[in-house]
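Single-letter residue listing:
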Amino acid sequence: MEQHFDVIIIGGGAAGLTAGIYLSRAKMKTLILNDGTIGGQMILTHQIANYPGIENISGYELANNMKKQALSFGCQIKNSIKITDMNLTDYIKSITVNGKETYTANAVIIAAGGRSRMVGAPGEERLKGKGISYCATCDGDFFQDKEIIVVGGGNSALEEAVSLTKYASKVTIVHQFDHFQALSHYVDEAKANSKIDFIMESKITEFIGEEKLEAVKIQNQKSSETEIQKIDGVFIFIGYIPNTERFSGILELNKFNEIVVDNLMVTNIPGVFAAGDCVSKRYRQITTAVADGTIAALSASEYVNNIKITNSELATD
Amino acid sequence: MLRTNLPHLLSEKEHSELINNNENVMVCCGRMGPMCIPVYEIMEELQSEYPNVKFADMEFDIPDARVIRNLPEVRNFYGIPFVIYYKNGKVVKATSSIQTKEQITEILVNYLLKN
Ligand SMILES: Cc1cc2nc3c(=O)[nH]c(=O)nc-3n(C[C@H](O)[C@H](O)[C@H](O)COP(=O)(O)OP(=O)(O)OC[C@H]3O[C@@H](n4cnc5c(N)ncnc54)[C@H](O)[C@@H]3O)c2cc1C
Numbered sequence: 519m520e521q522h523f524d525v526i527i528i529g530g531g532a533a534g535l536t537a538g539i540y541l542s543r544a545k546m547k548t549l550i551l552n553d554g555t556i557g558g559q560m561i562l563t564h565q566i567a568n569y570p571g572i573e574n575i576s577g578y579e580l581a582n583n584m585k586k587q588a589l590s591f592g593c594q595i596k597n598s599i600k601i602t603d604m605n606l607t608d609y610i611k612s613i614t615v616n617g618k619e620t621y622t623a624n625a626v627i628i629a630a631g632g633r634s635r636m637v638g639a640p641g642e643e644r645l646k647g648k649g650i651s652y653c654a655t656c657d658g659d660f661f662q663d664k665e666i667i668v669v670g671g672g673n674s675a676l677e678e679a680v681s682l683t684k685y686a687s688k689v690t691i692v693h694q695f696d697h698f699q700a701l702s703h704y705v706d707e708a709k710a711n712s713k714i715d716f717i718m719e720s721k722i723t724e725f726i727g728e729e730k731l732e733a734v735k736i737q738n739q740k741s742s743e744t745e746i747q748k749i750d751g752v753f754i755f756i757g758y759i760p761n762t763e764r765f766s767g768i769l770e771l772n773k774f775n776e777i778v779v780d781n782l783m784v785t786n787i788p789g790v791f792a793a794g795d796c797v798s799k800r801y802r803q804i805t806t807a808v809a810d811g812t813i814a815a816l817s818a819s820e821y822v823n824n825i826k827i828t829n830s831e832l833a834t835d
Numbered sequence: 008m009l010r011t012n013l014p015h016l017l018s019e020k021e022h023s024e025l026i027n028n029n030e031n032v033m034v035c036c037g038r039m040g041p042m043c044i045p046v047y048e049i050m051e052e053l054q055s056e057y058p059n060v061k062f063a064d065m066e067f068d069i070p071d072a073r074v075i076r077n078l079p080e081v082r083n084f085y086g087i088p089f090v091i092y093y094k095n096g097k098v099v100k101a102t103s104s105i106q107t108k109e110q111i112t113e114i115l116v117n118y119l120l121k122n
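Residue numbers (our numbering), protein chains in the order written: chain A, 519 to 835; chain B, 8 to 122.
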């Protein structure tokens, strides 16, 4: 049986939950469809200290507060679903989940966010949790007095490399370019730390180990020479990729696979809006996701109201 | 105590009672961090889908969690949560770090529920 909504939101992170709060508070019948844990990347953050008005909060708590707020206004949320079919181009949009339930809507907001980029070298998936980690605060204490590598050159990589020196005896930062993308104070702090070494213009091309990580193969990007380095652990912080594969060929994406929107979060398809980390923009923060979610909700609301007015005018003609 | 909606194992005794009195058990041993929370939430959802499996959590840092931390199966684990699957009191599978719902479901089906 089909169920019709004014707006369906794909993604339950900061952007999607904010859109859900605004729309359901405006009495729009709203459904959030989320394939992971509600809260998205917020859940990955131990302490958020830059959300205005809240001095310090865990990502888990902030996500739960947003979820409660959305539910309190009547927003419906379906978690851990898989979208199996989708028609966004028709006037009435339809989305099928788990191969069986179909939902229709006048408008759709895509707030699918992003996920950690993996190195993509052989051995990575198999040795995850067995020496390879993506979370310094979770797993740092397993590497007391051990030698580790941090992969990446952005703010997260350099900040986490410094924090991991609390445990590790030596931290080597492996970065693919000859310079860092991180802000200068993160770079200065890492360079000033006597436990930190640098291998620049290099990439890990293989993770080696049977039961646990034992070594990595590192390739110099200029000379193509490779060396095998024994290592106890590798922490990976090499940025995020947008969750937009599902929308490729349907929506206009830029060369980074981010959804192209205008300043009202309108995509190239009428009635389809996008918000948060999955759209083309420079800065990705909770505050910017929340702002995008607000704008997308207000734009979608106006779009749906216009449809309703047109439909009622047609009905009275 | 972990802030989840799962039954919490607070001692070695509770752990032993759970695994010995139930055929199929999944225990997630972790903290309230980004790699663990998604696993607890998946387990909360799976509770109703798999009534033949008992789901529980155990806080990684309590002394009694040594029943999990000292298992030979986790010797090479360097990432929380440590998730242990028991069949008739015996460990049949253990995983380290975050797992997806598909990965967890596959283990439940293939290691616990397939006869
Ligand atoms: C480790 C880390 C620390 C950070 N620290 C901070 C910080 O301190 N302060 C700050 O402001 N920002 C921080 N950020 C950035 C911030 O978390 C993100 O910019 C923001 O949360 C993005 O929100 P979003 O809603 O756009 O996307 P996401 O949070 O990625 O949410 C997208 C949601 O959509 C779901 N989804 C994806 N595809 C589909 C699909 N096809 N169907 C259904 N659902 C789908 C996902 O499962 C997810 O739940 C941090 C990010 C990380 C990774």
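Calculated directly from the structure, the hints in this document are not laboratory data. It cannot be assumed that every hint is accurate.
[Unchecked claim] Now the stretches of chain B that chain A is said to cover, found in silico as 3 or more residues with beta-carbon under 8 Å: (1) 15 to 26; (2) 46 to 57; (3) 67 to 79; (4) 92 to 100.
[Claimed, not checked] Below are the BS3-like pairs computed for lysine-lysine, each with C-alpha atoms no more than 30 Å apart in a straight line: (5) A:K547 - A:K799; (6) A:K586 - A:K664; (7) A:K596 - B:K97; (8) A:K730 - A:K773; (9) B:K121 - A:K600; (10) B:K61 - A:K664; (11) A:K748 - B:K100; (12) A:K596 - B:K121; (13) A:K684 - B:K108; (14) B:K108 - A:K618; (15) A:K735 - A:K600; (16) A:K618 - B:K121; (17) A:K586 - B:K61; (18) A:K600 - B:K61; (19) A:K730 - B:K108; (20) A:K721 - A:K735; (21) B:K121 - A:K664; (22) B:K20 - B:K108; (23) B:K108 - A:K600; (24) B:K121 - B:K97; (25) B:K97 - B:K61; (26) A:K721 - A:K740; (27) A:K618 - B:K61; (28) B:K97 - A:K586; (29) A:K547 - B:K121; (30) A:K596 - B:K61; (31) B:K20 - A:K688; (32) A:K547 - B:K94; (33) A:K773 - A:K709; (34) B:K97 - A:K600; (35) A:K826 - A:K721.
[Unchecked claim] Not the full set, but computed from the structure, chain A residues with beta-carbon under 8 Å of chain B: (36) L562; (37) F591; (38) G592; (39) Q594; (40) K596.
Fair warning: this is a prediction, and the values are worked out from it, not measured in the lab. Note that the Cβ used here is the ideal one computed from N, Cα and C, for glycine as well.
Results of checking the hints against the structure:
Remark: the segment 15 to 26 of chain B is not confirmed as covered by chain A, as 0 of its residues place a Cβ nearer than 8 Å to a Cβ of that chain, below the required three. With 3 residues bearing a CB less than 8 Å from a CB of chain A, the segment 46 to 57 of chain B meets the requirement of three and the coverage assertion stands. By the rule of at least three residues with a Cβ nearer than 8 Å to a Cβ of chain A, the coverage given for the segment 67 to 79 of chain B is violated, with 0 such residues. Counting residues of the segment 92 to 100 of chain B whose beta-carbon sits less than 8 Å from any beta-carbon of chain A gives 0, not enough to reach three: the coverage restraint is violated.
For the suggested pair A:K547 and A:K799, the alpha carbons sit about 29 Å apart, so the restraint of at most 30 Å is met. A distance of roughly 42 Å separates the Cα atoms of A:K586 and A:K664; the hinted pair therefore is violated under the 30 Å criterion. Taken as a hint, the A:K596 and B:K97 pair is broken in the structure, with Cα atoms around 35 Å apart against an allowance of 30 Å. With a C-alpha separation of about 37 Å, the suggested pairing of A:K730 with A:K773 is violated against the 30 Å cut-off.
Among the hinted pairs, B:K121 with A:K600 is consistent with the structure: their alpha-carbon atoms are about 25 Å apart, no more than 30 Å. Distance restraint check for B:K61 and A:K664: the Cα-Cα separation of roughly 37 Å exceeds the 30 Å cut-off, and the hinted pair is therefore not satisfied. For the given pair, A:K748 sits about 28 Å from B:K100 by alpha-carbon distance, which is consistent with the 30 Å threshold. A threshold of 30 Å between alpha carbons decides the hint, and for A:K596 with B:K121 the separation of about 29 Å falls inside it, so the pair holds.
A threshold of 30 Å between alpha carbons decides the hint, and for A:K684 with B:K108 the separation of about 33 Å lies outside it, so the pair is violated. Proximity of B:K108 to A:K618 is assessed by CA-CA distance (about 18 Å); at most 30 Å being required, the pair is judged to hold. A hinted pair counts as satisfied when its Cα atoms are at most 30 Å apart, and A:K735 with A:K600 does not qualify at roughly 36 Å. As the CA atoms of A:K618 and B:K121 are separated by approximately 25 Å, the hinted pair is consistent with the 30 Å bound.
Under the criterion of a C-alpha separation no larger than 30 Å, the hint pairing A:K586 with B:K61 is consistent with the structure, at around 28 Å. Pair hint A:K600 plus B:K61 holds up; C-alpha atoms about 25 Å apart against a cutoff of 30 Å. As the CA atoms of A:K730 and B:K108 are separated by approximately 24 Å, the hinted pair is consistent with the 30 Å bound. Proposed proximity of A:K721 and A:K735 is supported: the alpha carbons are some 8 Å apart, at most 30 Å.
Among the hinted pairs, B:K121 with A:K664 is inconsistent with the structure: their alpha-carbon atoms are about 40 Å apart, more than 30 Å. About 29 Å separates the Cα atoms of B:K20 and B:K108, which keeps this hinted pair within 30 Å; it holds. Using a Cα cut-off of 30 Å, the hinted pair B:K108 and A:K600 holds, with the two alpha carbons roughly 11 Å apart. The suggested pairing of B:K121 with B:K97 holds, with an alpha-carbon distance near 15 Å, which does not exceed 30 Å.
Annotation: proposed proximity of B:K97 to B:K61 holds, straight-line Cα distance about 14 Å (limit 30 Å). Taken as a hint, the A:K721 and A:K740 pair is honoured in the structure, with Cα atoms around 11 Å apart against an allowance of 30 Å. The straight-line distance between the Cα atoms of A:K618 and B:K61 is roughly 28 Å, inside the 30 Å bound, and the hint therefore holds. Distance restraint check for B:K97 and A:K586: the Cα-Cα separation of roughly 40 Å exceeds the 30 Å cut-off, and the hinted pair is therefore not satisfied.
Among the hinted pairs, A:K547 with B:K121 is inconsistent with the structure: their alpha-carbon atoms are about 42 Å apart, more than 30 Å. A distance of roughly 24 Å separates the Cα atoms of A:K596 and B:K61; the hinted pair therefore holds under the 30 Å criterion. Pair hint B:K20 plus A:K688 does not hold up; C-alpha atoms about 40 Å apart against a cutoff of 30 Å. Between the alpha carbons of A:K547 and B:K94 the distance comes to roughly 45 Å, so the proposed pair goes past 30 Å and is violated.
About 33 Å separates the Cα atoms of A:K773 and A:K709, which puts this hinted pair outside 30 Å; it is violated. Taking the CA atoms of B:K97 and A:K600, the gap is near 33 Å; set against the 30 Å cutoff, the hint is violated. Of the supplied pair hints, the one linking A:K826 and A:K721 is violated, its CA atoms being roughly 55 Å apart against a limit of 30 Å. About 4 Å separates the beta-carbon of A:L562 from the nearest beta-carbon of chain B, less than 8 Å, and the hint is met.
Annotation: interface hint on A:F591 violated; nearest CB of chain B at approximately 22 Å, more than 8 Å. The interface hint given for A:G592 is violated, since its Cβ lies 22 Å from the closest Cβ of chain B, which is over the 8 Å cut-off. Taking 8 Å as the C-beta cut-off, the interface hint given for A:Q594 is violated, the closest approach to chain B being about 16 Å. Below 8 Å, beta-carbon pairs count as interface contacts, and A:K596 has none with chain B, the closest being about 11 Å; its hint is therefore violated.
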